[in-house]
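Asks: Okay, here's what each chain looks like letter by letter:
Number of protein chains: 2
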Amino acid sequence: MAKEAASKVYVPPGSHDEMYAFMSGGFSGQVSVYGIPSGRLFKVIPVFSQNPETGYGYSEETKAMLNTSYGFVPWDDAHHPEFSQTNGVPDGRWLFINGNNTPRIARIDLHDMETAEIMEIPNSAGNHGSPFTTMNSEYVVAATRFSVPVPQKDVPIASYKENFKGALSFVKVDPKSGHMNVAFQIMVPGFDYDLAHCGKGPSHGWAFFTCYNSEQAHTLLEINASKNDKDYIAAVNWKLAEKYIAEGKGKSMPANYYHNYVDEKTRVAKSEKVQSVKVLDPKECPGLIYYLPTPKSPHGVDVDPSGEYIVGGGKLATVLPVHSFSKMLKAIETNQVEGKIEGIPVLKYSATLAGEVKNPGLGPLHTEFDGKGYAYTSAFISSEIVKWKIGTWQVVDRIPTYYAIGHLSIPGGDSAKPWGKYALALNKVAKDRFLPTGPNQPQSAQLFDITGDKMKLLLDFPTIGEPHYAQMIPAEILTKHNQQIYALESNGNPNGIMMEDDAKVERKGNEVHIKMIATRSHFTPDCIEGIKVGDKVYFHVTNQEQDWDLPHGFAVQGMRNSELLIMPGETRTIVWEPKAPGVYPMYCTDFCSALHQEMQGYLRVSAAGSNVPIKYGTGK
Amino acid sequence: MAKEAASKVYVPPGSHDEMYAFMSGGFSGQVSVYGIPSGRLFKVIPVFSQNPETGYGYSEETKAMLNTSYGFVPWDDAHHPEFSQTNGVPDGRWLFINGNNTPRIARIDLHDMETAEIMEIPNSAGNHGSPFTTMNSEYVVAATRFSVPVPQKDVPIASYKENFKGALSFVKVDPKSGHMNVAFQIMVPGFDYDLAHCGKGPSHGWAFFTCYNSEQAHTLLEINASKNDKDYIAAVNWKLAEKYIAEGKGKSMPANYYHNYVDEKTRVAKSEKVQSVKVLDPKECPGLIYYLPTPKSPHGVDVDPSGEYIVGGGKLATVLPVHSFSKMLKAIETNQVEGKIEGIPVLKYSATLAGEVKNPGLGPLHTEFDGKGYAYTSAFISSEIVKWKIGTWQVVDRIPTYYAIGHLSIPGGDSAKPWGKYALALNKVAKDRFLPTGPNQPQSAQLFDITGDKMKLLLDFPTIGEPHYAQMIPAEILTKHNQQIYALESNGNPNGIMMEDDAKVERKGNEVHIKMIATRSHFTPDCIEGIKVGDKVYFHVTNQEQDWDLPHGFAVQGMRNSELLIMPGETRTIVWEPKAPGVYPMYCTDFCSALHQEMQGYLRVSAAGSNVPIKYGTGK
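Going line by line, the protein sequences match chains A and B. By full-length UniProt numbering, the letter at position 617 of the first sequence is numbered 617, and the numbering carries on one by one without gaps. By full-length UniProt numbering, the letter at position 376 of the second sequence is numbered 376, and the numbering carries on one by one without gaps.
Possibly wrong hints are sitting among the right ones.
Because identical chains share one entry, a pair is satisfied inside a single copy or across any pair of copies.
[Unchecked claim] With a cut-off of at most 16 Å between alpha-carbon atoms, the simulated EDC-like pairs for lysine to aspartate or glutamate come out as follows: (1) K579 <-> E511; (2) K176 <-> D109; (3) K348 <-> E476; (4) K8 <-> E18; (5) K508 <-> E489; (6) K456 <-> D397; (7) K273 <-> E506; (8) K296 <-> E222; (9) K270 <-> E356; (10) K579 <-> D154; (11) K431 <-> D17; (12) K504 <-> D91.
In short, the hints are calculated from the structure, not lab data.
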């Protein structure tokens with residue numbers, strides 16, 4: 001048994017993993033890239049949090065990525081990675097991920113696996129139900145987790161029911177560049193919106209959002225938001241929304257939010273402020289949105305590959321309700337409505353229900369699909385994966401997870417064509433599963449083989465931060481367009497240089513700009529004099545290498561800043577403000593060559609007002 | 001073959017790894033904890049770099065850890081983890097690690113695997129040859145990588161030979177508390193000092209340091225510091241140094257460096273400034289230090305388990321010289337000296353040489369031992385591990401590494417009693433070994449089985465940052481004293497509270513102090529009013545849980561700060577300075593329970609000068 005599992009997850013040295021897993025870091029704010037089936041961590045992609053290791057959020061080229069309407073935010077809570085799709089199938093172009101704390105969506109370019117763009121979401125507070133994509137990535141959606149006064153204002157917290165609202169946002173994705181913009185928002189009752197998924201096939205054109213706290217409690221939610229037997233799935237007809245917007249029904253609301261992106265030519269991050277957003281009011285837009293009652297405090301809302309079934313994971317529910325999209329359309333047509341909330345019709349539970357999965361485990365959260373007619377639901381409290389058959393709603397297998405599974409993931413498991421084969425449990429508690437590491441144990445993933453009738457546990461592996469959710473994709477979809485270097489000849493950084501002869505040091509008032517080259521195994525220049533206390537020294541370092549996997553690092557002793565980690569062909573800039581006269585070393589921080597240790601230089605700092613002139617050079 | 005390797009590295013779910021590997025993060029500035037033989041990453045211990053994931057370097061309790069004489073430094077370059085030792089054997093109490101950029105040594109407490117102390121090293125620039133320990137952790141040593149003016153002053157870089165000096169530091173470790181202090185330094189010629197190891201057995205009382213750049217070049221070192229056929233190993237008699245210090249030969253030199261440590265009672269980090277350091281001048285201390293000529297630009301200096309042999313890894317040398325400690329003593333006794341450098345006698349190469357290992361690979365760097373009479377040397381350029389026999393100096397096996405090995409590591413391999421069994425190659429280049437991740441590929445480790453005559457490759461696994469060096473230790477040495485929680489009743493944080501009834505919100509001028517409890521699944525208080533724009537809001541959050549692996553997280557939307565990750569029984573504090581009126585959510589960021597999503601609250605912010613009073617509570 002162990003031997004069989006070993007042979008299934010062991011990737012012999014020199015061989016490659018079969019799939020990539022992109023895992024959210026949860027409270028790390030980043031995305032981690034793992035190999036499947038080995039569970040090996042290949043890369044942590046800096047997204048929403050500062051990363052001293054690479055200079056992300058410290059270097060001049062990257063700092064703007066973390067600008068928000070709140071100011072510079074060095075951290076976030078990243079929950080749901082989602083691949084861009086073409087015809088409902090992950091296409092390997094981009095990975096979207098939400099910032100749950102400061103409402104944002106990031107887009108990672110899968111060619112170089114770096115964050116290319118971050119879009120803030122206005123009128124939101126906690127961007128949890130995000131960034132789920134439509135079949136051709138027309139939109140990624142974003143549902144506010146917390147309701148807040150919209151627009152923000154100073155009101156008593158006890159005025160929640162009167163003053164607090166939710167927003168469902170539709171973020172348009174440019175099909176060529178991937179650039180995002182907030183196309184429109186729908187203002188909805190002040191519940192807590194949790195997760196989402198977009199329709200596919202027949203339900204393409206619709207998006208589904210869960211909510212809890214339909215009680216509209218503002219305090220002690222563990223009790224006060226757990227009272228109603230049913231909360232809702234909101235079904236939004238976004239094609240109709242587009243029509244309303246085209247007709248001018250969108251009210252332009254003043255807003256103030258940031259759009260940050262890496263300029264393609266310079267590879268320098270820019271921030272732009274956006275000043276307004278178009279908002280639709282359900283009261284004025286009949287047919288735009290319906291509530292589907294769903295037991296109880298639903299978390300996941302998951303659409304099966306056919307697009308017909310919509311599964312609600314009610315974390316306090318005893319059954320797993322499956323809504324039928326076609327029945328929903330019929331219920332709308334025949335007005336099977338049990339009431340209205342702030343203008344939103346509430347459809348009858350029985351009118352949309354396809355079936356209920358009985359005994360889906362305690363605390364069912366999230367469901368994915370294998371493309372062979374089966375669904376897999378995670379159950380947090382009973383800590384298991386429950387496999388059931390679409391159509392019969394019968395549980396056919398269940399397997400424990402260790403411990404406390406949140407989301408689960410199957411390759412392509414939320415798409416129109418799942419690849420299946422593996423299921424990954426994303427567990428919150430490791431406790432005794434690994435060697436102890438003090439009070440702070442890792443969270444973890446467990447890999448299951450789902451090719452047979454019975455699920456089989458293959459591997460436990462710990463993760464970075466919280467592996468809130470993951471998406472997997474066959475390796476060849478990404479490896480075929482992997483980018484190995486940045487071409488030096490197309491380096492568009494205004495401070496980049498291509499040759500050592502172009503290196504220079506220039507003073508502009510109290511700014512000193514050093515344009516330098518890093519190459520095996522020296523910097524040009526490597527001796528610089530004429531820097532003064534009070535100066536702001538900009539090191540613009542270009543890595544002249546044009547071979548894969550040949551970064552150079554750069555740091556000055558005691559710099560009060562991070563390092564730079566500079567990829568081949570790239571220019572990165574870091575600022576140093578020396579505080580005292582002396583001679584300080586700078587050096588390459590990434591073991592680049594046999595003479596890496598010799599890749600060093602000196603910076604002479606004189607007192608403010610001294611007349612030591614700028615002077616630089618190498619021993620050549 | 002692959003099946004055999006798979007069975008040797010696969011740790012079945014529910015079973016534990018055999019050993020821990022503590023790996024430096026290199027340019028990440030942190031330490032990573034892996035399981036061996038699985039290669040799974042269990043934890044990243046924040047040491048020298050800010051870590052938004054846990055609030056390290058952002059929270060009020062941890063910020064002081066990163067104070068230095070240069071100011072707050074958010075990053076470093078961590079190279080050499082070293083276990084504390086008792087009788088020359090790793091004892092599992094502490095792990096020391098050097099900060100290479102801003103000269104520091106950190107001490108990690110292996111009970112909770114958190115950084116307990118950081119000591120800055122004065123008169124240094126780049127603390128590379130560090131923190132190697134003596135047989136009973138009497139000292140950890142620190143050799144400056146870069147020579148600089150001592151004390152720092154504004155001089156031309158070209159005056160290097162005249163003005164630049166090196167320092168070898170001996171940092172005393174309190175045998176009970178582990179607290180460090182810089183006992184003394186030895187001022188040495190302005191070379192680049194690289195690595196170190198302390199003697200053992202007969203050579204206990206001595207420490208050995210390599211240096212390169214005996215040419216004293218200050219520019220283009222890859223050429224100018226690679227001219228001499230031999231550089232040196234400095235042999236320091238630290239027991240004699242203690243005598244000289246006792247006799248008052250240590251000159252007290254003004255200095256200004258930081259000693260940061262976690263107060264044991266409060267668990268709050270404190271910074272203390274140290275104002276002087278005792279310095280020994282070799283000219284005035286005969287017998288204190290000798291230079292052993294060693295070909296060519298030596299990196300590693302490695303003492304075999306018996307303490308008799310001292311291996312120099314000359315990265316540009318064609319042979320691997322092994323010095324004999326007993327011959328060295330005799331050479332000193334018989335004055336086999338070929339000259340003096342700044343008062344330091346240079347012993348004759350032939351007088352100290354035990355033997356030379358021929359054909360040790362290209363670019364030999366570092367040697368460890370298996371305790372069975374064999375030594376293993378890493379060769380960077382030829383990218384291999386070379387196994388040779390102590391005494392005969394014959395190479396008996398060699399195996400390629402993929403690619404560009406720097407250090408290697410064997411469990412206990414630099415101690416008096418190696419456990420052997422595995423060798424770990426710490427590789428700088430992964431290139432095509434793993435699925436590609438854009439231009440930025442991971443660095444990696446390779447695990448070898450060294451139990452037989454021939455080394456066998458078992459596993460490739462990628463690493464965090466640069467795995468510059470690692471130390472491994474059998475698991476049971478650490479697991480027996482692993483700490484699972486912090487006891488709530490001994491929480492000494494001045495802002496910690498034990499019970500919800502003690503929660504309170506107090507205004508002190510423009511500071512608002514919120515003492516709150518986090519417990520499954522709510523905060524107390526969870527609704528707070530009366531905060532104003534311009535306030536500095538301190539959230540003092542105590543995690544009331546007393547179960548292992550039950551952290552809570554804490555964040556406010558758009559906080560312009562990191563999150564807090566709070567271990568059971570712990571209090572952590574983070575500051576928020578709200579910028580605009582409104583009502584903002586706060587929430588638990590670590591998926592703690594079935595109703596984690598309900599673990600939230602609201603903060604009402606009013607305009608500066610408003611008269612909304614402080615008010616707080618829960619719905620209970």
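Asks: Against each hint, give a clear statement of whether it holds in the structure.
Replies: Here's how the hints hold up against the structure:
Taking the closest pair of Cα atoms, K579 and E511 come within 16 Å of each other only inside a single copy of the chain (14 Å); across copies the shortest separation is 30 Å, beyond that limit. In this assembly of identical chains, K176 and D109 lie within 16 Å of each other by CA distance solely inside one copy; the values are 12 Å within and 52 Å between copies. In this assembly of identical chains, the alpha carbons of K348 and E476 never lie at most 16 Å apart, being 46 Å within a copy and 60 Å across copies at closest. Within a single copy, K8 and E18 get their C-alpha atoms as close as 11 Å, which meets the 16 Å cut-off; across copies the closest is 21 Å, which misses it.
Taking the closest pair of Cα atoms, K508 and E489 never come within 16 Å of each other, the shortest separation being 27 Å inside a single copy and 59 Å across copies. Only within a single protomer do K456 and D397 lie at most 16 Å apart by alpha-carbon distance; the minimum there is 11 Å, versus 41 Å between protomers. Taking the shortest alpha-carbon separations for K273 and E506, neither the intra-copy value of 32 Å nor the inter-copy value of 37 Å comes in at or below 16 Å. In the homo-oligomer, the alpha carbons of K296 and E222 lie at most 16 Å apart inside one protomer (13 Å), although the nearest pairing across protomers, at 68 Å, exceeds that limit.
Neither within a single protomer nor between protomers do K270 and E356 lie at most 16 Å apart by alpha-carbon distance, with minima of 49 Å and 58 Å respectively. In this homomeric assembly, K579 and D154 come within 16 Å of each other (Cα to Cα) only across copies, at 12 Å, whereas the closest approach inside a single copy is 43 Å. Taking identical chains as interchangeable, the C-alpha atoms of K431 and D17 lie at most 16 Å apart only when they sit on different chains, with a minimum of 15 Å there against 28 Å within one chain. In the homo-oligomer, the alpha carbons of K504 and D91 never lie at most 16 Å apart, since the shortest distance is 44 Å inside one protomer and 52 Å across protomers.
Violation of the numbered hints given earlier is confined to hints 3, 5, 7, 9 and 12; the remaining hints are satisfied by the structure.
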